[in-house]
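Chemist: Based on the hints, put chain B in the right spot on chain A.
Chains A and B, in that order, are what the protein sequence lines are.
Numbering that gives the first Met the number 0 numbers the first residue of the first sequence as 0 and each following residue consecutively.
Numbering that gives the first Met the number 0 numbers the first residue of the second sequence as 0 and each following residue consecutively.
The set of hints was computed from the structure by calculation and includes no laboratory data.
A quick note: this is a predicted structure, and the numbers were derived from the prediction, not measured.
Glycine residues also receive a C-beta, built at the ideal position from the N, C-alpha and C atoms.
Please note that the accuracy of each hint is not assured.
To be verified - Derived PhoX-like pairs (lysine-lysine); straight-line CA-CA distance at most 25 Å:
no. : chain 1 : residue 1 : chain 2 : residue 2
1   : A       : K235      : B       : K376
2   : A       : K376      : B       : K235
3   : B       : K160      : B       : K38
4   : A       : K376      : B       : K38
Claimed, not checked - Just a few of them, taken from the derived set where beta-carbon distance is under 10 Å, the chain B residues facing chain A:
no. : residue
5   : L172
6   : N271
7   : F282
What the hints assert, rightly or not - Partial selection, computed: residues in chain A whose CB lies under 10 Å from chain B:
no. : residue
8   : Q149
9   : H225
10  : P277
11  : F282
Here's the letter readout for the chains.
Protein chains: 2
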Amino acid sequence: MESLKIDGDRLWKSLMELARIGATEKGGVKRLALTELDKQGRDLVTSWGRQAGLDVTVDQIGNIFMRRKGRNSLRPPVVSGSHIDTQPTGGKFDGNYGVLAALEVVRTLNDAGIETDAPIEVAIWTNEEGSRFVPVMMGSGVFCGAFSLQHAYEATDIEGKRVRSELEYIGYLGDQTPGDHPIGAYLEAHIEQGPVLEDAEKVIGVVPAVLGLSWYDCEVSGMEAHAGPTPMKLRKDALQVATRIMQEVVEIANRYPPYGRGTVGFVQTFPNSRNVIPGRVNFSVDLRNVSADLLKKMDAELMKFIDSLSSESGLPISLKQVSYYPPCDFHPDCVEAIRGATNALGYSSMDVVSGAGHDAIYAARVAPAGMIFVPCKDGISHNEIEDAQPSHLEAGANVLLHSMLELARR
Amino acid sequence: MESLKIDGDRLWKSLMELARIGATEKGGVKRLALTELDKQGRDLVTSWGRQAGLDVTVDQIGNIFMRRKGRNSLRPPVVSGSHIDTQPTGGKFDGNYGVLAALEVVRTLNDAGIETDAPIEVAIWTNEEGSRFVPVMMGSGVFCGAFSLQHAYEATDIEGKRVRSELEYIGYLGDQTPGDHPIGAYLEAHIEQGPVLEDAEKVIGVVPAVLGLSWYDCEVSGMEAHAGPTPMKLRKDALQVATRIMQEVVEIANRYPPYGRGTVGFVQTFPNSRNVIPGRVNFSVDLRNVSADLLKKMDAELMKFIDSLSSESGLPISLKQVSYYPPCDFHPDCVEAIRGATNALGYSSMDVVSGAGHDAIYAARVAPAGMIFVPCKDGISHNEIEDAQPSHLEAGANVLLHSMLELARR
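With the rest of the complex left out, here is chain A (with noise of 0.2 Å):
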């Protein structure tokens, strides 16, 4: 059975087919989600399904299910796909990968023949990217019940469109409830979007879980002064504590090995003037670990390096949480799956943990789900010059088939 391999000259050429719709000048696609380039999308891969014999379904909020029959038609599907919207200036692997590896799968199946047990279903979800209505993962969102339909309708772009008019305007506001749509199991093939597997020169990656993530504004007061006249010891220097503040930011990161994370992307200084000392310092903190416990321990020793810093100083610090996004560990029979045919398969693999959103993070709330990566050049995606090689992209597909095969045998 290990054998079956998906066409990856035919997936390749699904993958450019469906760029050239917003294709940009430097390489990249800008397809934003519920425009006429999303319809043109949307058409291509629905024609493409229904050309493969698949059923088409459309949901409330857009999400489309492609389904091809198994032999219980009883079992709920094995599902997998991601999305087909971009951002503005996205590229063309991010999300189409997901669901054109998806297709391919199916394909595979017809070429060979193969009836399973459960049906498999591939699934284009609405509105991952968030780039042109609020909230992100919105179709996967409103399917899982994390925020609700008429959320979502009233969400509007920069000129005041609605999301339930847009999707009416582009024909792919459907009639089924969202959620009202049984999923076996969901499985999503996607870019690693980080440099990890490119780094290990790996293949596979197999995503156990999602980190968590704890973000944070920080503003650090002081006093304001001339650089000059001011002697070292009267100084209040606001950015000489933020920086210490920068500085353990990393530092709680590194001692929670191998998922921590601990960024400052964001710093804002006043009066940001070259002779005076800043007299306030505002910054983000981006702190992110694999399990609730030890992102909790380390939020906790950010705060009590705060608490420290702020007496030792005498500068007022203040910490806010601005953001909490809990981590996702997907289901063991997903990731088992991934990891058995991955190795079946002989593909070099590592364990991956996801550092961004997907939808398979939603879907994972209403079904076992699981997450297959494939190395994209220097970690770059959500840009034009984002890139992978055909030949990790076959690999990814191969294990989705056989992962997807195992699931629907059960």
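Modeler: Below, chain B alone, put in the same frame as chain A:
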């Protein structure tokens, strides 16, 4: 002779009357160089000078000298003054105090019928602040030959108006060649513009020297990447390297007490997004000290640290010097005259170096010079809330009186 005192009330009233010209709602003064308000200020002070029997001359850059004859008209005058232009949101004392303290000295000598051996002069230097026309300290700079009259004339304000035509317009384009005006000694009384005297609860600051400064632009180049998917050990976080330099700047200053200063006032992080590891950070470095030798050592320590950090981190770091002003020692005769007068008058005092620029620094290039500091509230200047106590201003003027008498007597 120490019983001779200036009239503190008269000095305060003159300060408050001059402060009405360009008064702001918040209690400050906006009297930019070579504007109609500057003309009104010049007219008022020169009218006071003439009432005090002074001969008024103006040079080609608009510097005003008001002369009180001495017994020996062949001796070069003992000059004291400052400027009466202000910052856009300036205070009542910066500059104005130095001019009116010198005028108060003349008035006091007149009242007491004291004739000095050398003539006494009150100087008003053109455009010290540099807010409307660059370079700063323009009048004293041209006077001492730091830059040419032509260079100053070509400076334009944001409306394109030029220095020469504005001088003409306000009626202060004089005939005298700048610098063609001998000075026997130059003293300047000024608010400290720093917190040292207030912190030490001293009334008089004897200023032995002005700090030199070395300004740099520093850039750290890393690799922009997503905060979630990128493990700590695969990061090239420009901010983490930059913050180590920011802290070292302060450490260096702390290793060169008591006059070492180290400040990072300006910081820019790219792309400055919460969930993106900074790919580049640009920031300013401001190092100061009282001797060229110490400043050179501080510069060398910074360069050495950056070289070693760049090797250690593997991140390129560029450091470009953008400004250098050498330290300036005031003349022992002037410093000792000020110290002697302060002690004779019984005021509490300490040595305070000047961290900011003053006309006295340029005057020191052509004559023995010295400065007298008095405390200002919270060390704040260049601000509408700039404030100083009448008793401190009176004390500073008394020190100026007796220092000038000492220098005019020799």
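Chemist: With reference to the structure, classify each hint as holding or not holding.
Modeler: Quick rundown of the hints versus the structure:
no. : hint            : in the structure
1   : K235/A - K376/B : holds, 16 Å
2   : K376/A - K235/B : holds, 16 Å
3   : K160/B - K38/B  : holds, 16 Å
4   : K376/A - K38/B  : violated, 67 Å
5   : L172            : violated, 32 Å
6   : N271            : holds, 5 Å
7   : F282            : holds, 9 Å
8   : Q149            : violated, 28 Å
9   : H225            : holds, 6 Å
10  : P277            : holds, 6 Å
11  : F282            : holds, 9 Å
Consistency note: the structure conflicts with the earlier hints numbered 4, 5, 8.
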